[in-house]
Amino acid sequence: MSELYEKTAAELGELLRTKQVTSVEVTRSVLARIEATEARLHSFVTLTPELALEMATEADRRIAAGNIGPLTGIPIAIKDNMCAKGQRASCGSRILANFIAPYDATVVSRIGEAGMVILGMANMDEFAMGSSTETSHWGPTRNPWHLDMIPGGSSGGSAASVAAGEAVVSLGSDTGGSIRRPASFCSVTGIKPTYGSVSRYGLVAYASSLDQIGPIARDATDLALMLNLICGHDPMDSTSVPIEHPDFTTFLTKPIAGMTLGLPREFYSHLDDPDVSRVMTDARKVFEGLGVSFVELSLPHLDYGIAAYYIIAPSEASSNLARYDGVKYGHRAESFDGMIDMYCRTRAEGFGAEVKRRIMLGTYALSSGYYDAYYLKAAKIRTLITEDFKSAFQTCDAILCPVAPTPPFKIGEKIDDPIQMYLTDVFTIPVNMAGLPGMSIPGGFSTTGLPVGLQLIAPHFAESRLVQLASAFQAETDHHLKRPVL
Amino acid sequence: MEYEAVIGLEVHAQLLTDSKAFCSCTTRFGAEPNSNTCPICQGMPGTLPVLNRKALEYTVRMALACNCTINEISRFARKNYYYPDLPKNYQISQYELPVSEHGWVEIETAEGVRRIGLTRIHMEEDAGKLIHDEDRPVSYVDLNRTGVPLIEIVSEPEIRTPEEAAEYLRSLRAILVYLDVCDGNMQEGSFRCDANVSLRPVGQKTLGVKTEVKNMNSFRNVQRALQYEIDRQTEALRNGERIVQDTRLFDPATGMTASMRSKEQAHDYRYFPDPDLLPLRVDPELVERLGRDLPELPAEKKRRFVEQFGIPPYDAAVLTASRELAAYFERTLELFPKPKTVSNWIMTELMRQLKGEESGLASCAVQPDQLAALLKLIDEGTISGKIAKTVFEEMCATGGDPSEIINQKGLVQISDSEELSALVRKVLEDNRGEVEKYLAGKDKIFGFFVGQVMKATKGKANPQLVNDLLVQELKARSKP
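Note that the protein sequences, when read in sequence, are chains A and B. Numbering of the first sequence is given in the numbering used here, commencing with residue 1 and proceeding in unit increments. Numbering of the second sequence is given in the numbering used here, commencing with residue 487 and proceeding in unit increments.
Same shape as in the complex, but just chain A:
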């Protein structure tokens, strides 16, 4: 019998419900796994084992009282950019290295109400700016499949922990691919829900119009359970959409025969990695076998996606990150000469190179005289990309494409070449630009044994269709069942 930490949330839920295990036992198993592997992986910025055991004890009390939900007692890792009252939320940054959140993010409240067990805060690129988790002030997270490789980012800790058995499920956030890319690189299942599906209240903002919280899990079933928990309207978030979400688990067993998947030419013409190409071809065959048909289509403005993203996201970031000034909380320079100098030194010391680069980009793009040429033009491109997807979905139910152009790369390989790093996001960014739901599911491995994910994109609020497709795919394949040897 496999260890408890290797099981999915659904499996553990069944064991908990039937009183074959306790949450404390599950949590101890996961904590032991963390003990064994964390020194090599570095998935977490902050670990709170005592708190986790307290929460597990409380969960067991709930279960004993018959008050069990589908995720009660399940250990979860939370990305370091979400606020949990009394916990540090550093966002992978020195500037918030001592910041203790004074309130709960809406997702954290929901996790608490469900009786889940919070293990700690998962490592991430500083302020979610990065594609590899290398920009974290706390040092990089390593890919559980190959310790020399990056796990993808920015939610690298969230994906690595789930892949390695250091957490059963996790929460990440995705602004330009930050859930899907690490999910792909770590061979786990992750979804960025439709913009507005999950409350952003308590998610420390990087680019507010693109940020979205989503779950990472080992399969579609666990993902559906997590979506059931976190999707829903929140009056504390004005951009949260007041719609009724379905019970996502009801889509797990629905057949997908008759569905049409779109294959955007622009995505595939960019593909020159043989491993990724093979995985995509294999995936097509699996879907074909399930009765899915394919249609080639065009998303003509896709090529402008990265350029536009690197105007909009840094612009919003330059404003969102202005509050880290040393006045109220977080890092403050020790010596300074007057107020302006305090601001300058605090921010110079507190932010890393990538964050500074994006703050400067955004500040420039919003400057008087440049606004129309940059921000406004980027906003127009964003509208065009959204329109492209809209017309694409007239001919297909979802889009199938790669998550990233390559399998995971080496730590240090691209960190000094921001443009190469940015290009990693070419397939994920357009999804954020259009606010669509996008999922990454394990699609196979490169010839050297590195994970390659595939991406499914659906129309707004059609997360359920992604769950349906992923579940059907996983019923036919075993990529998602493979675990890294650590």
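Among the hints, erroneous ones may be present.
Chain B stretches covered by chain A per the calculated footprint, using a threshold of three residues with CB under 8 Å from any CB of chain A [to be verified]:
1. 535 to 542
2. 561 to 573
3. 828 to 841
4. 930 to 944
Covered by chain B, according to a simulated footprint, are these stretches of chain A (three or more residues, beta-carbon under 8 Å) [stated by the list, open to error]:
5. 90 to 101
6. 231 to 237
7. 308 to 319
These are computed hints drawn from the structure, not numbers from a lab. Yeah, the Cβ is synthetic: ideal placement off N, Cα and C, and Gly gets one too.
Given the coordinates of chain A, assemble chain B onto it according to the supplied hints.
Chain B in isolation, oriented as in the chain A frame:
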């Protein structure tokens, strides 16, 4: 060369909502520093703004009262600048698409009523306050005011004189106070004003270089600052100098303005639409309802007072300065329907008691029914107007009923002609010399006789009767 001033005003008015613009903290004034705050208005990481719908309603009411167009869709924008009283280091405001535009208010000028155009009225949030330590180089931040809803009212550059500017501010303030959307308190900063001033040769259409003047915390200081700035610019232009575009601070102590920052040093606010707030849609039905529910506004009320009650425009302007005062006037009139008398009493005696603070009206001991009762007593001849003033003061001090005060103090007017005739005769006997002079043609001495009678009766004599009797008695003494 003759120059004319072109003045545009930007007014910030704090809205009287119970809670802040984007969180549920109370807006109550005077609490312990930082006690009326929460993670949202403290600018904690991860927090998000949610618009207070009441603040929107107040804004729309003001916009409608100022004849503005309400934009069905408007946007909040971020105004980015660093200052410790602004915890997010950006202010949520409106920029490209304000909630309302293209309005006007009426002002009284020497040439009659004039309309001043409004460019826009938009919503924004207030900043906190810095408190500087007097002994050490340390400043403290109080965020209680952070996030309190404000509206910014921007006028067209159509104001020509400091007096017009003050008149414009009075008009705006009166409307705000009428609507109960702002308390209009300039000293406490709930009604603030910045001015843009430029000069141009009379007849020229294009605008000259402008300066922005800040820190004027009373109507009088607005006038002083503008006059100073106009004089300064006039002199500079006459000397052939060029006006430098800058932001200037008014110093109430010296009455002068001094440059605070030049155009080059001006902030680049890097406005962009706030991604945390969706485009704001104002339901046309809401606009219609709020429009229907608007109270009678100061200008309308003033016109009606002149037409309906026949009082002079000046009286009407004073009486309609606040809704409470106007209501007081109308209520008194219902009980004592002589408009000019009531107006005079309110404008002189009542206002003196209130020391110009209309806010004291509610707690004033003399309410309309008592004032009307007092005026009736004068009208009926029970007391003289002069005695009535003493009675009024007593009423204000004790809250007593006028008849009771008159009885208690024995102030009832002497209208008994026999009693008064005797007194008149005695006065004339005692002052023969003066009578001689009067009869010789020195008419002015008549007032002296009246005064003597009044003195003898401690002011209680019916003045009309005293007059009549004196005329009669003096006539009898004149040589045939």
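Tested hints:
no.: 1; hint: 535 to 542; verdict: holds (count 3)
no.: 2; hint: 561 to 573; verdict: holds (count 5)
no.: 3; hint: 828 to 841; verdict: violated (count 0)
no.: 4; hint: 930 to 944; verdict: violated (count 0)
no.: 5; hint: 90 to 101; verdict: holds (count 4)
no.: 6; hint: 231 to 237; verdict: holds (count 3)
no.: 7; hint: 308 to 319; verdict: holds (count 4)
The structure does not agree with the numbered hints 3, 4 stated previously, though it agrees with the rest.
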